[in-house]
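**Student:** Please work from the sequences and hints to get the whole structure.
Each protein sequence line maps, in turn, to chains A and B.
Under numbering that gives the first Met the number 0, the first residue of the first sequence carries the number 0, and numbering increases by one thereafter.
Under numbering that gives the first Met the number 0, the first residue of the second sequence carries the number 0, and numbering increases by one thereafter.
To be clear, the hints were calculated from the coordinates, so they are not data collected in a lab.
It should be emphasised that the depicted structure is a prediction, and the values quoted were computed from it without experimental measurement.
Where a beta carbon is used, it is the ideal one built from N, C-alpha and C, also for glycine.
What you were told as hints is all true, and nothing was included just to trick you.
Straight-line alpha carbon distances no greater than 30 angstroms define the calculated DSS-like cross-link-like pairs of lysine-lysine that follow:
(1) A:K256 with B:K23
(2) B:K57 with B:K37
(3) B:K21 with A:K256
(4) B:K23 with B:K57
(5) B:K60 with B:K21
(6) B:K39 with B:K23
(7) B:K36 with B:K57
(8) B:K60 with B:K36
(9) A:K256 with B:K39
(10) A:K256 with B:K57
(11) B:K37 with B:K21
(12) B:K57 with B:K39
If the Cβ cut is set under 7 angstroms, some of the chain B residues that face chain A in the computed set are:
(13) A75
(14) A77
(15) D86
(16) D89
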Amino acid sequence: MTTEAPSSDLVRSQNWSGSIPVVLTLAPNSLGTTMMPHPIHLLVPRGTFLHVGLRSAIQRLHKFAPATISLLSSGGMLKRNEPEPQGDDDEDDNEKTNGVTNAGAKNSKSQQLQSKDSFPVCWLEDEETQLPLRWHLFAGVLFDMMETSKRQSIPWKIRLHFFNYPSSQLLPMEADEVWTTIERSFKNSLKQALFLQYGSSRIAMNMTRQTHQRLWDSIESANYKLYQQINVDLQATNDGNNTSVQLLPIRVFLDSKPPIQRPCPAAATEGETATLTTLGDLLLGWLPEVFQKTADGDVEPNSPSCRWFVAGMHPPLSTLVLELWENLCHPDHFLYIVVLTR
Amino acid sequence: MSDPSSENANTNGQGNPAAEEKVKVHFVAVGSAPMMKKTKFQIGADQRFSSVITFLRKILKLSGTGSSLFLYCNSAFAPGPDECVGDLRDCFNVRGELVINYSLQEAWG
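**Tutor:** Dropping the structure here:
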């Protein structure tokens, strides 16, 4: 590694601060009042989940959904659970909204404790492609997947639904358990990555409930410093000592298909020489129908319309996968590579 | 369950005879979960993990009951329902088998 290269800690911290401008509108068929609320503009960190990044906006729009929906979510009334950084105070655009919020705020403390899990079951749709957005994937990965060949549209237009959950396209999400479900999904993904990295469940099983909680807090608050305090022990290769990585946790998404996840050693050994795997080697091996080898041994896509993204970037195919993973993996330790052919 | 669903055969790539390929899944009961007479089953490599969940619920006669069932790989983590059974076997197999622990209660957080 050259000395000029920025530390992976610096790259990761900058990557964490990357956000996507989103405009969230309520789907017309989830409207329960006579007036359509204004769309909500906000920044969602790439390394969080959409439900987490859009939580306050979803709660505000939920007040315009038919009342029966709020009864379905256990607590009945929607409750404000904590001061929101971009709360109603600085956007007093709607008095009705505040009326409902104040009524909710009078609820007892015990109800406030449950308020996270009284979050309504809802789903999000990419307006341009009309595809449901998978809640268990990071916002940045979803955004890269939705990039169209015509243009990368910012702000990202997302539609919020409280009805007609598309169970055939999204993983199940139970009422009363929205938050637990998302958190559990993250935790299991991290444990899976740790298993691949260390070749056993030992490191993952030694994590305490408190460690998991603090990691999740760091995602909820998009706080890299908090994350890194804990992660430094989990991802011990950050100092350049990569001998401990058994397999690199990597997921490749081809268009909008489910993930491909194969064993990926950091280096391929042939006889006595070990060659570090490049992005091109990996994509050629995992997606032989999309990538090919040129006459001089390089890897290239079969079609000029093929594009690939790692954390919103377009790294050359000669980049080492180990370096990509060290610098650009997501909080669950997986490196997500999005390949688009359309 | 033995349906190879050959429509996805190509997504498995890497020159495997994907349409025919099976994964041996070994189910291990945890805690008070009911035991099964037969614990090893062949499941299509291109199936998603969600089909393993559906399959086990059916075998344990939990379909449509709403009772909870938790599945874990190698007593460690719950695979995502959208993950490919063949990929899970390749990444986490124990002597070639995909070991799935099942429990009626949440077992490994």
